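Numbered per this note's numbering, the sequence shown finishes at 1024, counting up by one with no gaps.
Incorrect hints may have been included.
Stated by the list, open to error - What follows is a set of in silico ranges between Cβ atoms, one per label pair, in the way DEER data are often shown:
#, residue 1, residue 2, range
1, LEU500, ASN464, 35 to 45 Å
2, PRO642, SER838, 19 to 29 Å
3, LEU468, GLU538, 23 to 33 Å
4, ASP792, SER919, 23 to 33 Å
5, LYS343, SER919, 50 to 60 Å
6, GLU49, LYS436, 13 to 23 Å
Calculated directly from the structure, the hints in this document are not laboratory data. Only a predicted model underlies this, so the values are computations on that prediction, with no experimental measurement involved. By construction, the Cβ of each residue, glycine as well, lies at the ideal position given by its N, Cα and C atoms.
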Amino acid sequence: MKRALFTCLAFLCMVSKGYAQDDFTDDYNDFVKDANKEYKDFREKANSEYADFMEKAWKEYGMKTPLEHPVKKWDDPLTYDKKKEQQELLQKNKKLLEAQKAIDAQKKQQDAKQQQLDQQNSQLMADQQKLEAEKKKLEEERQAFLAEKQKQEAEQQKSADERERQLAEQQRLLDERAKQQAEQQKQLDAEKAKQEQQKNLLAEESNRMGAEQQKQLEEKNRQIQAEQDKLAAEKKQLEAERQAFLAEKQKQEAAQQQSSNQKKNELAEQQRKLDERAKQQAEQQKQLDEERARNAQQKNQLAEQSTRQQQEAQRQLDEKNRQLQAELQKLADEKKQLEADRKAFLADKKKQESQKQISADAKKQLAEQQRQLDERAKQQAAQQKQLDAEKVAQQKQKDLLAKESAKQQAEQKKQLEAQNKQLLAEQKRLADEQKKLEAERQAFLAEKQRQEAELQRASDKQKNDLALQQKQIDERAKQQAEQQKQLDAEKAKQEQQKKLLAEESAKKQAEQQKQLEAQNKQLLAEQQKLADEKKKLETERQSYLAQRQKQEAEQQKAADLRKQEQDRQQQLLNEQAQKQLAQQKKLEEEKARQEEQKRLLAEEKKKSEEKQREIDKQLAQKTKSKEIPVEIAVVKKEPKAPQPQPLSPVKQNLEAVKTCSFEYYGTKMDARTPDKKFKLEGSDEKSMANAYRELTTEKYNNLLHDCLDLRKKYDLCDWAYYKLLESVGEAICGKGTQEAVFLQGVLFQQSGYMMRFALDEQKKLHLLVRIHDAAYRSGYTSINGQLFFLFDGSRLKNLAVCDVGFPGEKVMEADIDKLPKLKVDMSEMRTIISRFVSVSADIAVNKNMINFFNDYPSTYKNSNIMTNWAYYANTPITKEVKDKLYPQLKKQIQNGTKLMGANLLLNWVQMGLDYALDSKMWGHERAFFAEESLFYPKCDCEDRAILFSHLVRDLLGLDVVLVYYPEHMYTAVCFDEDVPGDYIMVEGRKFTVADPTYYNADVGKTMSRMDNSKAKVILLNRDL
């Protein structure tokens, strides 16, 4: 019973727990779903905003010259000679005693000379101050000259703008005057026709008035009342029309103010005439009762009206004449200014011709340099014959010739670049001026067209209003025709007077019209003359530009010829180098046979070497150890920050997609890609923005997700991941394509790294990467105070950069905490044997890792070049090399002390590896990772020091530092016991010198030619 009860309780607990878990699971799933949606929306918004900015946020940046490693100048390392060192010590003591006596004797002479030197120094200081004052004065004069030049250029530009504006204003005024003249002519014709019509009406009325006068007098009272009512209505209608017209007129734009004022005056004149006509009609009704008084009054009114019209016409003609005279004066002033501009242009042309003469002299100089190059080529050919007999002399002569040729070629290249830069600047200046003139001309034409359109619209509107008013006037004239017929008899005499007045007015108007036409003709002639002068100046400018282009083409052709000649000389040097390599190979074979013989003799010399070591120990005990003063360059090991991550978690697309297989440093890898191949429509900003929108859609999530998984799976550092994305882009889009570079950049950005897209002058796409460090031999530019580097090997002067940051972007780190997990492809076995001590080892390295090291950029951090070598020395050695090399070396050093082991390893590195400067082997400075020194046939001092530091730390468990001089590097070891010899003190610990490049020298020996005042110590990681 109890058992059944417990079973029921347990079942109930499980059911309740299950329900609770189901509720929690549902809530958690909803929370994850909401969070993923928020991440997705945030990421899509950031990508959309970035794509929008890509269409407009491009800016020109100048690329800076790549940084170069400090160059070493030693041709060969020194060999340590113990007997010679002892003899030199004795001779030095004797010389010191003799030198002390000579110093005492010379001290007095030096005191006297010192007094003379003090006097000379005082004189020199005075002269120096005088020179500084003169230099300051010259600088002030130069600044004043530059300021005056800038002021003159500004004034010239201002004058040119003012001339353009005046020309435009004159053209507009001419157009307006022509239009006003046409309108006035039209008004005069209309008024003339109107007067003629009135005369005809008055004549008819005069003939009929005699017969019908009595009848009209009887009906006057009735007609007067009706006419007065009708005239009042018409007057009210005219007043309403005038108010409407004035309201419409007030709505016109400020730019047409002058035309509006003119139209307002004309309308006022018309209104005045209409008022006069209404007044005349009232007077005519009154004159029906008193015909004689009315006729006399009408005659006086006509005479006054004619007089006023003549006075108004005369006033308008005087105003027009005054305006025309002012415009003629302006045109004369502009003609003078154009003549001054033409003279300035001719002076500029003469200056450019003098520059052309200078360019011709430079061309002659280049021809002379080419002749010297030909002579040197002949000398090189003669020296090549001598090299066959004397190998040592051959090497020295070749070095001298190479240095001299490189120096001269560099000087020539520098001169050519300076000339090309000057020509490009001049060409750009001329293009900017031409572009500016074209823009001003287009603006002038657009403004002129706009004003013409506005004037045309105003003219059309005015014509319509006048036509409407004319129609109304004609209707009123027809109504008044009956009344005017009654006055024909009385106005016969008046018509005769009007006719005489009209003829006189017409005569005056004809004369005025003739004067206006003559003035217009003169203005047109002046305008044509100005246009011809402008055309002539433009022709001279085009001729100058054609000459400039021809000159640039000739210079380009000469530069191409020089480049071809340099290529030919380089080919000859390469052939000579190949011959020397063949000879070097024979020498190396002979050297290998000699080394084999020496190795056989090594055992016989072992006993003598042991005795010599005992003597060295005794000598070291008698000789005090020497401390070397150094400067400690602390290279702190900063905490490793996590690698950059995407802005939001990348959700995989579960739809079936194809897989792209590619090879990354010999290692096969796969990544999922969409079915449709990505293609850029063009290299313009809009095409790239559209492509960016496409590559940031969900269908590319699988590709980004797989790349991030590969970074984690194969322990890829930031640089290794950058190269992985390069391989992905080339595998999907093709090597060397714009699409491959763009895809690499988008994936790199979406992975959380700081980068910028850039276009060169040929619209080729590049990637600029922000790293935490600075890189050697890579072009770079500064964007908003941050350095971005170009790692595709291009050497460019300018780039158009998409200057837009992405949310959450981080810089790329250059250090290597873990080596990438690459496929193992071992090189051929190599045997390294020390020359005088029987230490040998067979070694092979992973060629895929060597290729990775070969692509790795040489960098330094925090503006400290010491960190460059710390990168190489702190990068771990691969497991394959440790498993093969370390057991062999441990077996040969395990029976002695740590000092003996260090000496054996030191001699193995000194005598087992051949020495060569980087400048001779690679053409530039290059540091090796440790296993690169085991792979390549030759290495230099820092490569040996880095390899030796790994061997001592890994095999002997001792701390090591690198000691750097401006032209040399070696190591120092912190032993567990007191070791005699030269040493340095680092943070209270004694590090004894061990130089892997000082042949046959044991621990504690320093080369005599080292300048210890410039030595710096690089602390290496001590947890290896």
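Status of each hint after checking the structure:
1. LEU500 x ASN464: 35 to 45 Å: holds, 36 Å
2. PRO642 x SER838: 19 to 29 Å: violated, 49 Å
3. LEU468 x GLU538: 23 to 33 Å: violated, 48 Å
4. ASP792 x SER919: 23 to 33 Å: Check passed, 24 Å falls within 23 to 33 Å.
5. LYS343 x SER919: 50 to 60 Å: Between LYS343 and SER919, where Cβ atoms are some 58 Å apart, the hint holds.
6. GLU49 x LYS436: 13 to 23 Å: violated, 35 Å
Checked against the numbered hints above, the structure violates hints 2, 3 and 6; every other hint is satisfied.
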